[in-house]
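Enquirer: Chains as they are written, first to last, in numbering that gives the first Met the number 0: chain A, 0 to 364; chain B, 0 to 364.
Please note that the accuracy of each hint is not assured.
For chains that are exact copies, the list does not tell them apart, and a pair is met inside one copy or across any two.
When the alpha-carbon atoms are kept at most 16 Å apart in a straight line, the in silico EDC-like pairs for lysine to aspartate or glutamate are as follows [said to hold, decoys possible]:
| id | residue 1 | residue 2 |
| --- | --- | --- |
| 1 | Lys-326 | Asp-124 |
| 2 | Lys-326 | Asp-97 |
| 3 | Lys-262 | Asp-72 |
No wet-lab data here; the hints were simulated from the structure.
There are 2 protein chains.
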Amino acid sequence: MSSPIFHLDVSVASSSYPILIGEAMDWQSCLSELTQNRQVMIVTNVTVSPLYLQKLKTALSTVQKLGVFELPDGESYKNSESYLSILDQLMTSGFNRDCVVIALGGGVVGDMAGFAAATFQRGVDFIQIPTTLLAQVDSSVGGKTGINHPLGKNMIGAFKQPKLVLIDIQTLNTLPERELSAGISEVIKYAAIADRDFFDWLEIHLDSIMALDAKTISETIYRCCQHKAQIVAEDEFEQGRRALLNFGHTFGHAIENHQGYGKWLHGEAVGAGMVQAADLSYRLGWLELSDLDRLKVLIQRSGLPVLSPIHQPELALELMQRDKKVKNGQIRLILLRSLGEAILTKDYEADALLKTLQVTSGAES
Amino acid sequence: MSSPIFHLDVSVASSSYPILIGEAMDWQSCLSELTQNRQVMIVTNVTVSPLYLQKLKTALSTVQKLGVFELPDGESYKNSESYLSILDQLMTSGFNRDCVVIALGGGVVGDMAGFAAATFQRGVDFIQIPTTLLAQVDSSVGGKTGINHPLGKNMIGAFKQPKLVLIDIQTLNTLPERELSAGISEVIKYAAIADRDFFDWLEIHLDSIMALDAKTISETIYRCCQHKAQIVAEDEFEQGRRALLNFGHTFGHAIENHQGYGKWLHGEAVGAGMVQAADLSYRLGWLELSDLDRLKVLIQRSGLPVLSPIHQPELALELMQRDKKVKNGQIRLILLRSLGEAILTKDYEADALLKTLQVTSGAES
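Using the sequences plus the hints, can you model the full thing?
Expert: Below you can see the structure in the form of structure tokens.
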């Protein structure tokens with residue numbers, strides 16, 4: 000087993016923690032300091048569990064007490080019932096305030112385990128072991144945790160920074176292709192909002208990434224985590240710049256909401272959503288047509304949808320109104336000033352948005 | 000209407016907020032800055048609502064949108080169902096991340112409304128208007144929020160500092176005598192753990208406090224909030240000194256748990272619990288017998304129970320094991336080094352604790 004290839008530190012006002020990135024890492028040596036002689040509850044799901052639970056359990060041979068909570072797989076289980084079940088198990092197993100919760104899985108597992116860790120006894124330690132590309136480049140870093148409400152995604156939650164993020168790219172070998180694409184969606188997001196050079200690099204290396212070339216995928220994850228860490232350090236509680244990470248998400252959440260959670264993967268909805276946000280940016284005269292096309296092509300090459308399934312613009316608008324970034328009834332959107340530079344704004348014409356919603360839906364394709 | 004008599008600032012790393020204490024205050028002028036043109040959700044209960052909801056609504060005439068969530072009265076409703084119902088109403092009423100949640104009521108209302116505010120869209124603004132003495136001197140200040148789990152009190156929750164605590168002692172005029180006593184329990188706690196002078200003062204002024212003399216009760220609340228604010232400023236997340244505020248609470252929680260939430264008021268359980276903690280402190284040779292007696296007498300004069308209703312010491316011990324302060328299976332207790340000075344410790348003989356549990360239960364009385 001090899002040592003981590005990359006080590007990155009995330010610093011926020013309240014804490015600082017490492018992200019370790021590598022291939023076939025020694026999990027025990029990464030975890031022992033934080034788990035030795037402590038009560039540890041692993042939260043995972045039925046898909047990930049047969050693949051990596053045994054490896055994790057072996058790495059935790061020095062803990063005082065080990066519990067496992069297994070969720071069904073899928074976004075539709077990211078709800079209050081699952082959240083309360085995790086807390087029930089922590090209570091019935093007699094876990095105390097000094098325990099550690101480990102999330103082993105993708106974004107859904109990480110968000111729910113994190114929210115449980117944030118609120119069990121008003122907060123216990125938390126470790127992320129993300130096993131999907133999406134979780135590795137995005138959701139496991141930065142401390143956003145939460146569950147969905149029937150009326151909106153991630154509407155209930157907390158900011159909870161983990162003590163460690165352990166990213167072993169070997170876990171990607173078992174990831175379904177569709178999930179890999181969904182992860183690349185968030186990779187493209189970083190490039191689109193903040194790093195034009197990275198965008199150029201992605202156009203060149205996309206095939207290697209999709210083939211899971213170890214060196215390329217590690218570097219991809221590292222660059223994404225660097226961006227995320229920097230933005231989170233500047234703005235832990237999303238009062239400013241951090242909102243830019245939601246590029247494509249207001250459109251995407253409307254799609255997820257419309258389809259019912261779990262039908263479209265989050266990354267897929269964000270893929271189509273980024274095209275919509277970029278289309279509006281182009282319509283406002285900010286983004287070059289050639290750059291809109293480049294973004295569309297890269298998203299398509301990644302195996303992601305580029306058209307929204309919501310065929311009625313008014314309905315899409317209504318669903319977008321439920322976004323957390325809505326302020327005084329106005330939908331604030333993250334748009335591109337250019338490829339590699341995003342802003343959060345409410346200064347766009349309502350007509351332009353409606354036009355975008357019209358032409359970017361499958362109905363017009 | 001008069002201006003606040005006392006103004007106190009609480010400063011923690013993440014924020015700073017005022018506590019305003021007065022009699023028959025002008026609520027509108029206290030609230031307008033934080034609520035004008037905003038969405039405001041009042042959380043209250045069926046007992047408090049007929050008494051003060053209209054006054055609060057009148058004070059909020061300049062808000063953009065006003066919602067009211069009314070809970071049943073009592074500790075037994077401080078559960079996940081009530082918590083999720085508050086979130087449901089926020090969602091169905093279309094409240095957004097810029098809204099304000101106001102708790103109008105006692106500790107249960109404040110704890111639940113605060114937890115909802117802490118977790119709705121990962122945190123919205125929160126204002127406390129405590130209407131019981133217990134909430135005014137203790138639970139409304141310092142940012143502890145949460146709900147009970149069937150297996151333990153306050154086991155699910157978050158730290159969430161309010162933006163304002165508005166204490167109008169006029170609300171105490173409608174408080175049942177038993178609830179007033181329960182509040183005095185927490186008042187005595189501050190004196191016992193940190194302020195022997197205040198203890199002397201309480202012995203002299205207890206009758207005025209119980210008669211709700213405005214000047215005396217305001218000063219009492221102010222002195223308690225000063226202690227609380229100072230301790231919270233030093234230790235927002237209860238990693239050290241703040242735990243001392245739980246004097247009597249480990250014993251008290253066992254009583255509440257045993258009786259079923261709501262049968263004994265929290266303050267009543269803490270009253271008997273403080274006698275138990277003091278008894279053990281005496282048994283360890285730390286507290287003078289005369290000071291143990293003074294504490295017992297003051298608690299009794301306040302109309303509070305001084306004996307635990309758990310007649311089997313082993314059962315009491317088992318219930319105490321569920322406390323959040325349990326570390327590696329050991330019950331850490333807040334004990335008195337002397338009247339006015341407390342410590343958190345696990346250095347006591349198990350036999351002494353058992354003896355205390357025996358002699359302080361009604362069975363031996």
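Enquirer: Decide, hint by hint, whether the structure agrees.
Expert: Hints and how they fare:
{"no.": "1", "hint": "Lys-326 to Asp-124", "in the structure": "between (33 Å within a copy, 14 Å between copies)"}
{"no.": "2", "hint": "Lys-326 to Asp-97", "in the structure": "between (39 Å within a copy, 7 Å between copies)"}
{"no.": "3", "hint": "Lys-262 to Asp-72", "in the structure": "within (12 Å within a copy, 41 Å between copies)"}
In summary, this structure violates none of the numbered hints.
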